[in-house]
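Using the hints provided, position chains B and C relative to the given structure of chain A.
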Amino acid sequence: MPLVRISLMKGKPDEFVGQKVGEVVYQAMVDTINVPAKDHFQIITDHDSNTLIYDPTYLDIQRTPGIIVIQITLNEGLTVELKKLLYQTIAERLHREIDVRREDDFINLVEVKKENWSFGNGIAQYA
Amino acid sequence: MPLVRISLMKGKPDEFVGQKVGEVVYQAMVDTINVPAKDHFQIITDHDSNTLIYDPTYLDIQRTPGIIVIQITLNEGLTVELKKLLYQTIAERLHREIDVRREDDFINLVEVKKENWSFGNGIAQYA
Amino acid sequence: MPLVRISLMKGKPDEFVGQKVGEVVYQAMVDTINVPAKDHFQIITDHDSNTLIYDPTYLDIQRTPGIIVIQITLNEGLTVELKKLLYQTIAERLHREIDVRREDDFINLVEVKKENWSFGNGIAQYA
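Chains as they are written, first to last, in our numbering: chain A, 1 to 127; chain B, 1 to 127; chain C, 1 to 127.
No wet-lab data here; the hints were simulated from the structure.
Hints are not guaranteed to be accurate.
In this list, chains with the same sequence are indistinguishable; a pair is considered to hold if it fits within one copy or across any two.
Stated by the list, open to error - Here are the simulated lysine-lysine pairs, DSBU-like style, with alpha carbons at most 35 Å apart:
#1 K10 with K113
#2 K114 with K38
#3 K20 with K38
#4 K113 with K84
#5 K38 with K113
#6 K20 with K113
#7 K114 with K84
Nothing here was measured: the structure is a model prediction, and the numbers come from that model.
In isolation and in its complexed conformation, chain A is listed as follows (with noise of 0.2 Å):
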């Protein structure tokens, strides 16, 4: 159900740090927001400094070009304890498994109601 959308930086040494990322932010998902397992499903797109834009010092915290920015579309509801929890945790995870800075995560959740999902085969699944 949620549908992830991670944008980063291209040119780093290992071209499978989106999937990397993205694996972490699912893992993530599952174990805090309770998404069920194999609901895994992400866009990744790669960009240069010309097509993503941040500001280095917004809020006092430092950025990089390192910064990875993910905007998760997903169901209405949750507490805003369980979205903490869930920044909170792709934050550390991402920096103890693949070395992300945790100032360099930037992450947006989109809400949206549970009949607004077709997983395939035309059916809302969800409803």
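Chains B and C in isolation, oriented as in the chain A frame:
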């Protein structure tokens, strides 16, 4: 008013498959949920298997690299029945008209208020 | 807080047109809807006519390949009047500052709750 984002794998034999998908989605919206004629705005992105991530069996639906992810931003207020009709119509027509497997449609709706659009000239035409 | 996605045709004479559009949109948000200074995060994608689809006359507005699709995810709660002022300001400035036709602006807002953002360090800074 709907803004449609379509993501699919590149390397298909026909380079216009994205456009054809878009035309089917557009016409399905006109015919089922009362989208006005000519209200046709879409952004299509091609991906490889490293950047379009999907689970091949979630909800026991067998997906292939032919997966098409369709995210539609549109005005709020559709009934659940109309949303279901839209999904069904898109899946049936993509299958019949351009041979997309029904299992390979992934559709998500993001709803917004009617004043959240400007179609040009800096005016909120629907407000 | 606003996350801005800008989609435009490639092949423009100036490769930085996307960034210039982004700067105008950012400044318009600061000046009209109270977006904080430095809150500047944008994702820009270039397209060709096969992947950026628009109707050239919908609502009797004459659009050209110079079309710019701007989708802004931001906090909910703006009045209709402020949204109108934002659209008008973006269109006027894009025209005046970088010669974008007013008819070629397509703007869409997606609204989210204030706790739906993390700007780094895994913290929900606005919650």
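*What label fits K114 with K38 when the C-alpha limit is 35 Å: within, between, both, or neither?*
Both. Shortest intra-copy (17 Å) and inter-copy (29 Å) distances satisfy the 35 Å Cα cut-off.
inquiry  = One pair to classify: K20 and K113, alpha carbons no more than 35 Å apart. Within, between, both, or neither?
reply    = both (28 Å within a copy, 28 Å between copies)
Original post:
Can you tell me if K20 and K38 fall within 35 Å by alpha carbon in one copy, between copies, both or neither?
Top reply: Answer is both: 16 Å inside a copy and 29 Å across each meet the 35 Å cutoff.
Copy assignment of K38 with K113, given that the CA separation must stay at most 35 Å:
Both: 20 Å inside a copy, 27 Å across copies.
What label fits K10 with K113 when the C-alpha limit is 35 Å: within, between, both, or neither?
-> Intra 34 Å, inter 31 Å, cutoff 35 Å: intra and inter.
Are the CA atoms of K114 and K84 at most 35 Å apart within a copy, between copies, both, or neither?
both (21 Å within a copy, 12 Å between copies)
K113 and K84: within-copy, between-copy, both or neither at 35 Å Cα: Both: 21 Å inside a copy, 13 Å across copies.
Of the hints listed earlier, there is not a single one the structure fails to meet.
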